[in-house]
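Protein chains: 2
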Amino acid sequence: MRLHTLIASMLVVASASADPLPSWNEGPAKQAITAFVSDVTDASGPEFVPPARRIAVFDNDGTLWVEQPMYTQFAFVLDRLRTLAPAHPEWKTEQPFKAALEGDMKTLGEAGMDGLMQLLMATHAGMTTDEFEMIAADWIGAARHPRFDRPYTELVYEPMLELLTYLRASGFKTFIVSGGGADFMRPWAEGVYGIPPEQVIGSEIARRFELREGVPVIVREPEVAFVDDKAGKPVGIQRHIGRRPILAFGNSDGDIQMLQWTTGAPGPRLGLILHHTDAEREYAYDRDSHVGKLDTALELAPGNGWVLVSMKDAWSKVFAPAHESSLPEK
Amino acid sequence: MRLHTLIASMLVVASASADPLPSWNEGPAKQAITAFVSDVTDASGPEFVPPARRIAVFDNDGTLWVEQPMYTQFAFVLDRLRTLAPAHPEWKTEQPFKAALEGDMKTLGEAGMDGLMQLLMATHAGMTTDEFEMIAADWIGAARHPRFDRPYTELVYEPMLELLTYLRASGFKTFIVSGGGADFMRPWAEGVYGIPPEQVIGSEIARRFELREGVPVIVREPEVAFVDDKAGKPVGIQRHIGRRPILAFGNSDGDIQMLQWTTGAPGPRLGLILHHTDAEREYAYDRDSHVGKLDTALELAPGNGWVLVSMKDAWSKVFAPAHESSLPEK
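Protein chains in written order, with UniProt numbering: chain A, 1 to 330; chain B, 1 to 330.
Okay, chain A solo, but in the shape it has when bound (with noise of 0.2 Å):
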């Protein structure tokens, strides 16, 4: 008890001490943020809420880090394809892989889903999850930006990793709740994000368990299993967590039921939605975006007391410098 007690003045101390959003301009976003974590930690305070119901839930791509000019995922795809090419020659006539490997986005833009489904499917199925884990480490760990030319890793956005940071330090868990694959963003979320894989919820393709030989393995199968968009982001969470978050921030229509699922009950809720309005730093593109597309979410901000976050205007900082991106193992 004695410790206890020490511990939580130090920590006290400590947070009074020091900005815990140094990214961040003085503004209303951050005002609304830091006026939301005091008053849910205040043990006083008519607000307060334990610290096992502090969920916060975080889009990953546009929120955490970039997705311009296409989602990171997909650029892992086309990657991938050109690795597996030689191994089939069909590639070279057959659409959508034809146009993937030459890059012409329009051929690929007319083979809509159903084309983007082949193309998920070549690269992420019929592989043990293990050797997933793999191929997605080694290629995160490889991949260059296009126009940064810099590791994904390091187009993680500064103001938030603080803001995750923050967070947890205020007693939150925090989850990702993104439509990209689950198992993608598992083997770099916790050394990025200090986010552990078990608070990584995204779309999912099927897995069959067997024993091949003995051993163990885990298959991914050419199906969908699940996707995390939409009003699946919701029903993700439920099923994940089981507990309605009281934080949600996203950026995109795509989260829209999200931050309605997060907001929309009794207590206090912090929605948020990041803007981007930033075309030097990053990029600058809302409801005329393919990517990342902002626009009904705009519209019900307001009504929903939902806190706009103008990256322009609110964040000093977008990236870390280069080579101090990487957060320490937790």
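Derived by calculation from the structure, the hints in this document are not laboratory data.
Beta carbons are placed, not taken as given, at the ideal position from N, Cα and C, and that holds for glycine.
There may be inaccurate statements among the hints.
Stated by the list, open to error - Going by beta-carbon spacing under 8 Å, a handful of chain A positions derived as facing chain B:
1. 105
2. 107
3. 190
4. 194
5. 208
6. 209
7. 213
8. 216
9. 240
Claimed, not checked - Label-pair ranges, simulated between beta-carbon atoms:
10. B:83 - A:53: 21 to 31 Å
11. A:214 - B:48: 25 to 35 Å
12. B:208 - A:39: 46 to 56 Å
13. B:288 - A:130: 31 to 41 Å
14. A:146 - B:114: 23 to 33 Å
15. A:79 - B:53: 27 to 37 Å
16. A:126 - B:70: 40 to 50 Å
Go by the hints and put chain B onto chain A.
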């Protein structure tokens, strides 16, 4: 850093001074557990496992609490049918409802899996997740076990509560991986086991998000979405946790694949099977039981190094004394 060192040394002193498993008799099972925990937490030893990888998974029915004379969730189904019956006059003549309401287990057995599904869907679907949470919580707070005449939540095994606490104090994250319904266990698992909802993996029915007159709800649909049993258990583990456990504890053939997945890889690993050998204090059953059948797993245990825990021999106590079994809220 100084604070960390202080805490670490105090924890070492605390753990050395008291038996963390007082309800476990000295013997091979207790020895296997304490040796394993000692090995994986010894930072200077060859078997050290970093805390983030100390994942322990537990079956629920028959491993953490009583599963005889019928699965607790099935007792819930029968009670719910009786509660709902006045609104369903057709159940007086329609099978399998008629048999369920009359307690005619022979006819129920003949209705097989299809019949069971009808009963499950009639009692588990058609309401929101919030509503179901209240229904399950109300029921578990009022229902009593037919033989012991105590609430089911008092019929959790005291030695297993000690083990969960011991593992968590040793840096493990503890998960339930049960064939039972995740949303049936979550309302009480945290208070009883100290396991939060997000660490409860179980079977699931389909869920759908919708806005009802502007209010976001998740509706439980009459369709099985996932069966977390047998080969489903490793899949549920991968889906939910995303890394392989190093300790698994089960009690029936439904746990074989979870044990295989957990122990069938290099590094320190521990598989345990609770053997119900204690008709006097609890129940004695294995190969011929309809509930919690333990047959093939008994054959596989020696070759896989799985430790058999004979309830009669390994435990000095089975249940906590009445009115003392609830763990404090986290």
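Structure-based check of all given hints:
1. Checking residue 105 of chain A against chain B by beta carbon gives a least distance of about 32 Å; that is not within 8 Å, so the hint is violated.
2. Among the interface hints, the one on residue 107 of chain A is violated; its C-beta lies about 34 Å from the nearest C-beta in chain B, farther than the 8 Å criterion.
3. Look at residue 190 of chain A: its Cβ gets to within about 7 Å of chain B, closer than 8 Å, so that hint holds up.
4. Interface restraint check: residue 194 of chain A against chain B, minimum CB-CB distance 10 Å, threshold 8 Å, status violated.
5. A cut of 8 Å between beta carbons decides the hint on residue 208 of chain A: the least distance to chain B is about 7 Å, and the hint holds.
6. Look at residue 209 of chain A: its Cβ gets to within about 4 Å of chain B, closer than 8 Å, so that hint holds up.
7. Restraint check, residue 213 of chain A versus chain B: the minimum CB separation of about 12 Å is more than 8 Å; hint violated.
8. Checking residue 216 of chain A against chain B by beta carbon gives a least distance of about 4 Å; that is within 8 Å, so the hint holds.
9. Contact between residue 240 of chain A and chain B, as hinted, is supported at the beta carbon level, the nearest pair being about 6 Å apart and thus within 8 Å.
10. Distance hint check for residue 83 of chain B and residue 53 of chain A: the Cβ-Cβ separation is about 29 Å, which falls inside the suggested range of 21 to 31 Å.
11. One distance hint, 25 to 35 Å for the beta-carbon pair residue 214 of chain A and residue 48 of chain B, holds here, with the actual separation near 27 Å.
12. Checked against the given bound of 46 to 56 Å, the beta carbons of residue 208 of chain B and residue 39 of chain A, roughly 32 Å apart, lie outside it.
13. For the pair residue 288 of chain B and residue 130 of chain A, the beta carbons lie near 38 Å from each other, so the given range of 31 to 41 Å is met.
14. A C-beta distance of roughly 55 Å is found between residue 146 of chain A and residue 114 of chain B, which places it outside the suggested range of 23 to 33 Å.
15. Under the hint 27 to 37 Å, the C-beta atoms of residue 79 of chain A and residue 53 of chain B, about 29 Å apart, fit the expected range.
16. For the pair residue 126 of chain A and residue 70 of chain B, the beta carbons lie near 42 Å from each other, so the given range of 40 to 50 Å is met.
Violated hints, listed in ascending order, are 1, 2, 4, 7, 12, 14; each of the other numbered hints is respected by the structure.
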